[in-house]
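These protein sequence lines are chains A and B, in that order.
Reminder that position 150 of the first sequence reads as 150 in the working numbering, one-by-one numbering, no gaps.
Reminder that position 200 of the second sequence reads as 200 in the working numbering, one-by-one numbering, no gaps.
Any given hint could turn out to be false.
Which residues of chain A face chain B? A few of them, derived with a C-beta cut under 8 Å, are [claimed, not checked]:
1. Leu22
2. Gln24
3. Asp84
4. Ala88
5. Ile120
6. Val156
7. Leu157
8. Ser212
9. Pro214
10. Leu279
11. Ile280
These stretches of chain A come out as covered by chain B in the derived footprint (C-beta under 8 Å, 3 or more residues) [to be verified]:
12. 33–42
13. 54–67
14. 130–138
15. 166–177
16. 287–296
Hints are computed from structural coordinates only; laboratory data are not their basis.
For glycine and all other residues, C-beta sits at the position ideal for the given N, C-alpha and C.
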Amino acid sequence: MDRDAYLDHDPDAGFLEPDRRLSQDQRAELGLGALVCVVVGLLVALFVFVLREAWPSFAHNGLAWFGGGGSVDQQLQAISTSGDLKHAPVYTFHAWPLIWSTIVITIGAVAIAFVSSLFIAVFMVEFAPPWLRRILEPVVRLLASVPSVIYGLAAVLVLVPFIGNHLITQNEKASVTPTIQLSGSSLLAAIVVLTVMIAPIMIAVFADGLRSVPRGWLEGSLALGINRWRTFWKVGVRTARPVFVAGTVLATARALGEAVMVSMVSGGVGFAPNPVDGLIFFFEPSRPLAATIIAFTEELSSPPMKHTLYAIAAVLLFSSAMLSVIGWAAKQPMRRYGLVP
Amino acid sequence: MTTATPTPARSTPKRSGSSASWRWSDRLGLGLAWFLGLLFCAIAAAIVIYFLVEGIRYLRPNLLVTNPAPGVSESQTGGFLDPLLGTLILGAMSMAVAVPVGVGIAVWLSEFGRPTGLARVAESAVEMLAGEPSVVLALFGTILFTVGQLGFLSQTSHGIVLGQSFFAAAAMLSLVGLPMVVASTREGLQAIPSHVREASYAVGKTKIATTRRVLLPAARPSVITGSMLGLGRVIGDTAIVLLLLGGTLTFQAANSTPLLGLLRGTGDTLTGYIYYNAPTGDGNQPSKAYAAAFVLMLMVLAINVGVDFVVRRSQRAVRWS
C-alpha cells in the first residue's frame, strides 16, 4: 500500500497521483532517509577530507613514501621544524619502519588470537560444562569492553618490566646498544597485549557464528557415530568459516588502529626490527603507524607535519576500509544459507 | 595417553562415548580447547583482580573530589574530579547523539530500506565506521571543527580555531558508539516476526505508528544493550580525547558563560588521565593512574552488569509466535 505509493512518487509518475501531500509515513521515511544520508555523507567527507590533507605528503614522495631509507625519526624531525621556517617545507618521508612495525605487530597478534579464539569459542559453545559457560560468556564480554588504555597501563607496569628484567639478558642488551636500547618495550609486549585485547572480540563473533550452526546438521553427523569433537570440527567449524573471516577482519581493524595502547608499550622509536637478529627481533622497540600519530599530535600546527600525519591516517583509513570490504564479502555465503540475518 | 585429558570425559554426560576411545588428534584438540579456555579465564581473572587490588590500595576518597594540580610529588598532584566529570559529560553527550541517530538508522534499514542501493550503502557505511580507527576519526574531527563554520563550537585563541572542545570530542565519539547502537537495534527489530507488524497494520495503524508504538517498545532491550555497549566504547576511547578534548587534565572553559563556556572549552577524561599518569606519559604517577583505572574499570563493570541484566530480563519477556 504505502510502499507502492512511495514507488509512484518519483518525478515521472508522481503527478498522476490524486493526493500529492506526503502521508505521515512518507514524511517519516524521508526524514529517516535523510538521516541515513547524513551519516553516509559524513563517511564520504571523512575519506575526502583526510585524503585531501594527506595529498601533499604523497605527492612529494610518490611510492617512496612506503619505502625505506634513512631514519624515520630524523625525517619527521626535519618535517616538523621546516614548518616554522620561512623556506620551503620539507616532505621527505619514508615510512617503511613504521609500516613494518604495524605489519609485524598486527599479524603477530591476529595470528595468535585467531588460533586461541577458535579453540576457546569451540570450547565455550560446545564443550564447556554449563557452569563454566556461564562464567566464560560474561568474561568475554567484559574483556572486550575493557578500555585499551587500561591494558596499556597494566602492560607498562607489569609486562614491560618483566620482559626487560627477566627475558632479555645483559649480553643481548649490550649487543645492540649503539643502535637501540632494549628496555622491555618491544614487539613482544605489543603483540601480547594486543592479543589479549582483540581475542575477546574474536571469541564473541566466532561464538555467535558457531551457535547459529543448525543443530540438525551436527546431530546428523553424531548419529553416524562420529565423535563430538570431530563432528563439531568438521561440521560446525566448517559451516561457520565465513564468520571466522568476518571476526578476524574486525579484530584486525581494531589491532591496526589501536594507537594509544601500542604507543605505550611498543617503544616509541622509529626503528624497523630486523628478523635476522634472531630471538632479539621480538625484543626490539618500534613504533607502528597509529602510534606515530599519537606521538606527534602536538606538532599538528606545523603544516608539512600535519600533511604527513594525515598521510599516515589515510593509509590506516584505506587499510581498514579494505578490511571492512573483505569482511562484508566473507559474510555473503553465510547469508545465502540464511544463517546470518 | 589417558592422563593427557582427564576432565573432558566427565564433562559430556549427555552423550555416550567418552573421549578415551577417540583418536589421539581429537583428544589433543579437546585438551587444547580446555587448556585455552581455562587460560583465558585465568588471564581475565588476573587482569580484573590485579586492578581491583591495586585500585583499592591507591584509591582515596579525596582523589574523587579534588582536581588535578601541577606538582611533582603524589600529595601535590591532587585527584581526578574533573576527568571523572569529563568522562560522564562526554559519555552523556555522545550517547545523546548516538542513540537517536542510531535508532533512526536502524529503523530505516530494517523497516523502510528503500531504495535498496542506499540501504546497502548505508549498511556498509555503518560497518565501515565500526572498523575505523578512532585516531583517524580524531584527525577527521580536527579538520571538521577547525573550519570556520563550525569554529564557534570550540575555543579560539588569537583568532585561530583550535578545534578542541567537548562538542568536537562528543561529535566524533558519537560516531564511535553509533555502529553498536545500529547493529543491536537492527537485530532486535529483525527478531520481531512480521505477523506482529501485520497485526498492527490490520487495525489501521500506519507504519510509523507501528514502529513507534509496537516495534520499538518490543526492541527496547536491544536498544538499551546497544547503547550500553556503545557507551562502553565511548568512555574507553583515548585517542579522540587526546586530540579533540585537549587532554588538559582540568576543565579550561572557553569563556565565562556557565555551561556553554565549559562545553566549548577543553578538558579531560579518565582515559586521558590514565594515559597522562602512566609511566610513559608526562605525569608519571602510577598510583594515580591505578586509582583512575580502578574507577574506570568499575564503570565498565557496571555497564556490563547492566547489559547482562537487560539481556536476562528480555529473555524472560514475551515470546512471539
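Verification of the supplied hints:
no.	hint	in the structure
1	Leu22	violated, 12 Å
2	Gln24	holds, 5 Å
3	Asp84	violated, 15 Å
4	Ala88	violated, 23 Å
5	Ile120	holds, 5 Å
6	Val156	holds, 5 Å
7	Leu157	holds, 6 Å
8	Ser212	violated, 12 Å
9	Pro214	violated, 17 Å
10	Leu279	violated, 23 Å
11	Ile280	violated, 22 Å
12	33–42	holds (count 7)
13	54–67	violated (count 0)
14	130–138	holds (count 4)
15	166–177	violated (count 0)
16	287–296	holds (count 3)
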